Amino acid sequence: MASLLQCSMPLVSLSNRALVPGTRISNPSSVSLSIKGRSFPSVTLQPRGRRFQLRCAAKPETVKKVCDIVKKQLALPDESAVTGESKFAALGADSLDTVEIVMGLEEEFGITVEEESAQSITTVQDAADMIDKLLETKA
Amino acid sequence: MIFLDLPSIHISSLTLYSVLYLEGAMSAAASSSATPSAAQVLSLFRSLLRAAREFPDYNIREYTKRRTIDSFRHNATLSDPSQISTAFAHGKSQLAVVKRQAVVYSLYDSPLRSVMELQQVPF
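Same order as they appear, the protein sequences are chains A and B. Residue 1 is where the first sequence starts when you use UniProt numbering, and the numbers rise one by one after that. Residue 1 is where the second sequence starts when you use UniProt numbering, and the numbers rise one by one after that.
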């Protein structure tokens, strides 16, 4: 704590308003306060998470097609529930299975998935989104 | 001495193949010292499956894919670093073979297609 106060720089004013003497700021997200020689724990300001997340959803038929390919690749029964949110790992796929799924999708849709992109695919929805994106750029 | 009756182009190609073979063996031996990462193994797996697609013949294409998948599944249980390195080096040499053979097969491609390649059964 002491080291934090020592290395921090005093602020004279913020938005034309004087701060309480002894208030020091080390970086924009951490504030330390000391009144009459008594120091208090530093307050860390954390950015709030985004409330709304925009997502470019894939076409339902693409998702369905991907689900069918995943079922076929992992030899899952027809009654097993595979949705857009299904993770490959949760369906019992290992890293080799994931590569096989991506290769199967490439053949089915006539696209080429880059190696970096292929590693980021973990769910059916991820795969469907990427396929739609690649098909758009291809067209 | 046996090659004297052969045309010069055959001698040069035979020499080239022997050099390529030796180079492949040397590079495999050199690369077997370092243990490959999981990403490298998956990259090799992907490359082999991609190379298998290049075969124009359905049977060879499917055989290569099946053989690749089975081999990787079989070697997935390996834990000894030297065995992993050896298997990886062998896989890399096989990738070179697959790429080379795919080119050769495409040069002598038959216009006939397998019945398995038809989208729907004609009967």
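Simulated from the structure, these hints should not be mistaken for laboratory data. A couple of the hints might just be wrong.
[To be verified] Not the full set, but computed from the structure, chain B residues with beta-carbon under 8 angstroms of chain A:
1) 42
2) 44
3) 46
4) 58
5) 72
Everything numeric in this text was worked out from a predicted model, so none of it was measured. Glycine included, every Cβ here is placed at the ideal spot set by N, Cα and C.
Check your understanding: With a cut-off of 8 angstroms, does the beta carbon of residue 44/B approach a beta carbon of chain A closely enough for the hint to hold?
Key -> Hint on residue 44/B: violated, closest Cβ of chain A at ~10 angstroms, above 8 angstroms.
Exercise for review: With chain A as the partner, please determine if residue 58/B meets the hint condition of a C-beta pair closer than 8 angstroms.
Suggested key: violated (13 angstroms)
Exercise for review: Mind checking the CB of residue 42/B against every CB in chain A and telling me if the closest is under 8 angstroms?
Suggested key: holds (6 angstroms)
Practice item. Grab the minimum C-beta distance from residue 72/B to chain A and call the hint holds if it beats 8 angstroms, violated otherwise. Key: holds (6 angstroms)
Check your understanding: Hey, does the residue 46/B contact hint survive, CB to chain A under 8 angstroms?
Key -> holds (5 angstroms)
Checked against the numbered hints above, the structure violates hints 2 and 4; every other hint is satisfied.
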